[in-house]
Amino acid sequence: MVDSLVEKGIEACKSDNFKKGVELFNQALEKQPEHISGLYNRARALSKIQRLEDALSDFEKLAKLQPNNATFIGDYAVALHLNGENDEANVQFEKALELEPENPYRWSSRAFFKDRIGEGEAALADYEKAIELDPDDAIALNNKGLIEEKLGYQERSKKSFNQSNKIIGYEPKEGEKQEEKSEPKTSSVPKKESQEMLTRWKVIKSIFTKEGFQDFSQFTKNKILGKKD
1 MVDSLVEKGI
11 EACKSDNFKK
21 GVELFNQALE
31 KQPEHISGLY
41 NRARALSKIQ
51 RLEDALSDFE
61 KLAKLQPNNA
71 TFIGDYAVAL
81 HLNGENDEAN
91 VQFEKALELE
101 PENPYRWSSR
111 AFFKDRIGEG
121 EAALADYEKA
131 IELDPDDAIA
141 LNNKGLIEEK
151 LGYQERSKKS
161 FNQSNKIIGY
171 EPKEGEKQEE
181 KSEPKTSSVP
191 KKESQEMLTR
201 WKVIKSIFTK
211 EGFQDFSQFT
221 KNKILGKKD
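Everything in the sequence shown is counted per our numbering, starting at 1 for the first residue and increasing by one.
Certain hints may be false.
[Stated by the list, open to error] Derived CB-CB ranges, DEER-like: (1) Tyr170 <-> Lys150: 18 to 28 angstroms; (2) Glu121 <-> Lys19: 36 to 46 angstroms; (3) Lys31 <-> Gln66: 11 to 21 angstroms; (4) Ile49 <-> Ile167: 46 to 56 angstroms; (5) Asn17 <-> Asn68: 26 to 36 angstroms; (6) Tyr170 <-> Pro67: 38 to 48 angstroms.
The hints are simulated quantities; they were obtained by calculation from the structure and are not laboratory data.
Because the structure is a prediction, the values reported are computed rather than measured.
Here a beta-carbon is modelled for each residue, glycine too, at the ideal position from N, C-alpha and C.
Using the sequences and the hints, build the whole thing.
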């Protein structure tokens with residue numbers, strides 16, 4: 001019964017009906033308050049309908065229930081950041097990295113956070129580590145190039161952009177400005193918008209695409225349980 005409600009909630013979220021998904025997850029969690037899939041998907045769905053405080057509550061509970069689950073802790077860190085709790089967010093990003101130091105996504109995730117709080121050099125270092133672990137990560141290369149460009153490292157940024165373009169098979173037109181280049185279609189990281197800080201809801205839309213920058217709508221129980229799709 002509980003699993004069925006969660007599955008229905010997942011299907012609702014796949015159709016972008018997040019409010020319906022939350023209702024179904026609520027029903028499931030009333031019957032089984034510590035249902036992992038129910039909590040995780042509700043937290044993500046709540047973030048999509050701008051109920052960040054409620055999402056934080058679920059993420060915090062998940063992090064306590066499974067303190068060695070880097071995915072839960074990483075998402076908790078993101079939610080904390082979006083709520084302006086950057087010191088605690090930094091702690092949680094660090095925990096996720098300690099749990100999965102060989103996962104390039106953990107480094108890219110913290111790099112994105114570091115860039116948003118104005119620590120460009122630290123963000124570059126994290127992106128470089130992510131690329132060391134996964135040299136074919138076009139998204140990390142592209143984001144690294146954007147930060148290098150912002151910090152005035154023009155030659156370095158050009159090299160990063162060229163590497164990213166090569167990986168995705170994109171060839172800029174002659175005379176095209178670098179900042180206008182196409183980003184990977186699978187990218188979950190927001191495009192640079194005139195160097196303006198994005199609203200937290202745009203970031204929610206973009207960054208809650210965890211594990212390999214998959215689309216948020218791909219709610220899967222298998223991912224939560226650590227199985228292959």
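Taking the hints in turn, this is what the structure says about them:
1. Tyr170 <-> Lys150: 18 to 28 angstroms: holds (21 angstroms)
2. Glu121 <-> Lys19: 36 to 46 angstroms: Holds: the Cβ-Cβ distance is about 41 angstroms, inside 36 to 46 angstroms.
3. Lys31 <-> Gln66: 11 to 21 angstroms: Hint holds: Cβ distance 20 angstroms, inside 11 to 21 angstroms.
4. Ile49 <-> Ile167: 46 to 56 angstroms: violated (35 angstroms)
5. Asn17 <-> Asn68: 26 to 36 angstroms: Check passed, 33 angstroms falls within 26 to 36 angstroms.
6. Tyr170 <-> Pro67: 38 to 48 angstroms: With a Cβ separation near 41 angstroms, tyrosine 170 and proline 67 satisfy 38 to 48 angstroms, so the hint holds.
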